[in-house]
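Trainee: Go by the hints and put chain B onto chain A.
Protein chains in written order, with our numbering: chain A, 2 to 302; chain B, 245 to 604.
Each statement offered as a hint is correct.
Not everything, but these chain B residues come out facing chain A in the computed CB check (under 7 Å):
| # | residue |
| --- | --- |
| 1 | N299 |
| 2 | G373 |
| 3 | M374 |
| 4 | R375 |
| 5 | A380 |
| 6 | I381 |
| 7 | A382 |
| 8 | L386 |
| 9 | V388 |
| 10 | V507 |
| 11 | V548 |
| 12 | G551 |
| 13 | I554 |
| 14 | V559 |
Covered by chain B, per the in silico footprint, the following chain A stretches (three or more residues, Cβ under 8 Å):
| # | stretch |
| --- | --- |
| 15 | 111 to 118 |
| 16 | 278 to 288 |
Hints listed in this document are in silico derivations from the structure and should not be mistaken for laboratory results. Backbone N, C-alpha and C define an ideal beta-carbon position, used for all residues, glycine too.
Residue-level listing of the chains:
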Amino acid sequence: MTVQNLQLLLQAPIFNVQLLLDGMWIGAVFALAAIGMALVWGVMNIINVSQGEFVMLGGFITVWAMEQGLHPLFGIPLAAVALFVLGWLLYRLVIWRIVEADMFTSLLATFGISIMLQQLMNTVFGADVRTAESGLGISFLFGGAITVPQIKALSFVLSFAIGLALWLFLKKARLGQAIRATAQNARAARILGIDTDRVYAATYAINAALCGAAGALVVMAWSIHPYMGLPYTLRSFMIVITAGLGNLAGVIAAGLGLGVAEQFAGFLLGAEFQLAFVFLLLVVVLVARQIALARKRQYLK
Amino acid sequence: MNRKTAHIIALLALLALGLALPWIAPAHLSQLSKLWLFLVMAFGWDLLGGQAGYNSFGNIVFFGIGMYAALALQVGLYYPVAEYTAAKGGGTEFVFTARQIYTGLALGIPFGGLVAMFSAVIFGGLLLGMRGHYFAIATLGLAVAAAELAAGWDYIGAGSGMVAPTLPDAVNGTRLFYYLSFGLAALALLFFSWLYSTRFRLAINAIRDDEDKAEAMGHYTVRHKMMAWAISALFTGLAGAIYGNLSRFIDPHDIAFNAEVGVWMILMAILGGKGTFWGPVIGAIVFFGAKELFWTWLLGWQRVALGVLIVIIVVFFPRGIVGWVRERWPRLFIEPEPDEEALDDTAPPMAGGKGEASHA
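Chain A with its partners taken away, still in its complex shape (with noise of 0.2 Å):
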């Protein structure tokens, strides 16, 4: 199956294309998640484990107001104030404990809120597949060789929005700034009358905002279930080990190559080992990464 596949796409390569574009759309999302877990890493040097169930929430939320008659693209906002909220009081209640400690601390104890949130969102909203319709056409490029859901594009130009909008808030606003200065020394900032703790709530729930958000277009241009966050955050780990921390413009585009690696890899592999190439992959850029290290007689840490 996948020699055939391989040589369907040697053949027409018209269908690289769709891969290409399909993957971007989605990688997009990656990236708007990956951006809030290199802000919580950078900032509090935390690895926050439920970042895809902050997605999932933000999906289900959207799927709610829905049924309350509203059209999906409001809950894109709303999505985010509820996650907000959500990751505000997840910090005054557990994450300040955690953020003096060890990672491994940090990983168990973000790991023990995503299931909580798994069975929650399971509980509440039920174990179905969702999807919000979003009632966008379908747009067809090269004479209908090509299909491009209005949607997915709209998504993809919606993460750059609100991801510029991210990058301008924290190189203008005054909050922003404290952000920053607390990620380069937390101590100093203090000294110099910044509220770290708050800088801390704040930072925390502007990543969870920033995953509600993804969650309101994933649900749209794709589809969420209670059980599915871990595969998105360990997309999010993958694309923030890959472009380090602090490099906006390279999260991005590991976001979007990943999206299309997992594209292609899933036509070629078919759907069902999609998921086993992601995870695999984490492994094989962290082995890779680990291997370039030991040359120099270093090591990932």
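Mentor: Here is chain B on its own, set in the frame of chain A:
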């Protein structure tokens, strides 16, 4: 009563209790079998995570590998595995005699453990150069990748899993698997009790405390890490092999490669107190009890309760029960003098000692 005597008495009491349990609580044997296997998994995790400081989120891989390898061999000795899984196993088509069952178990369980150990050596070569959370996430990636790969592999039943060979009426499964589980746990208790009295423990503790210094002092850190992970995988794989038979049915996502169970192993060790001998034992018993209560009384909310428990454990009790006792009554943990000397006796002779010997 010194510490060593107390340790031995507690160990013997636990083993005696394990032997007596089929008469004390015959109705809960399958639950208790799982408890023994969880104990073994907690030991396995703690060897690398608690003693050597490498926090693996993916020990569940060895559990699943051991499980699938054992079942595949148990079936494969008598029937073609692919046909067996295609027919969803069991039924009237694939009949196993008591003798075939016993032979299958006797060969399959060790085979599962060995395959898991072998895979740990391969993964270790790739991953053990990473440190801290990179190792943790890489192993988590391995665990979820294994689940996806198993779910796509038709030979072992793909997503619909595999059924353990149907037991003939002559075999009392509950009791047989209880004794197998207990036997493995007893082996683990005795083995780790011995292992932690050797210099191997000191070597891996040195890796945990400061790997660079340990390497500079001349420890073969890579070899020790690999050995620790291989032993850990051997026991986890054996536990998986027995678990597969115990639960009669295995599937990739919920039983064999369930990443959540991989985290349970960590929690048991942390709850009891990681890096100690009795930590995994106490942690496994307390955690398993709590889990059973949640799954019985809070069905539908059990993972919410478990998530809260996880957060409470790691945020408020990162040192675990044994660690808490150690802080409260530090006197209990002071090594008596004779023990130190006994430890030195087992050590290879020092350079000076060698010189004297050559004079004599």
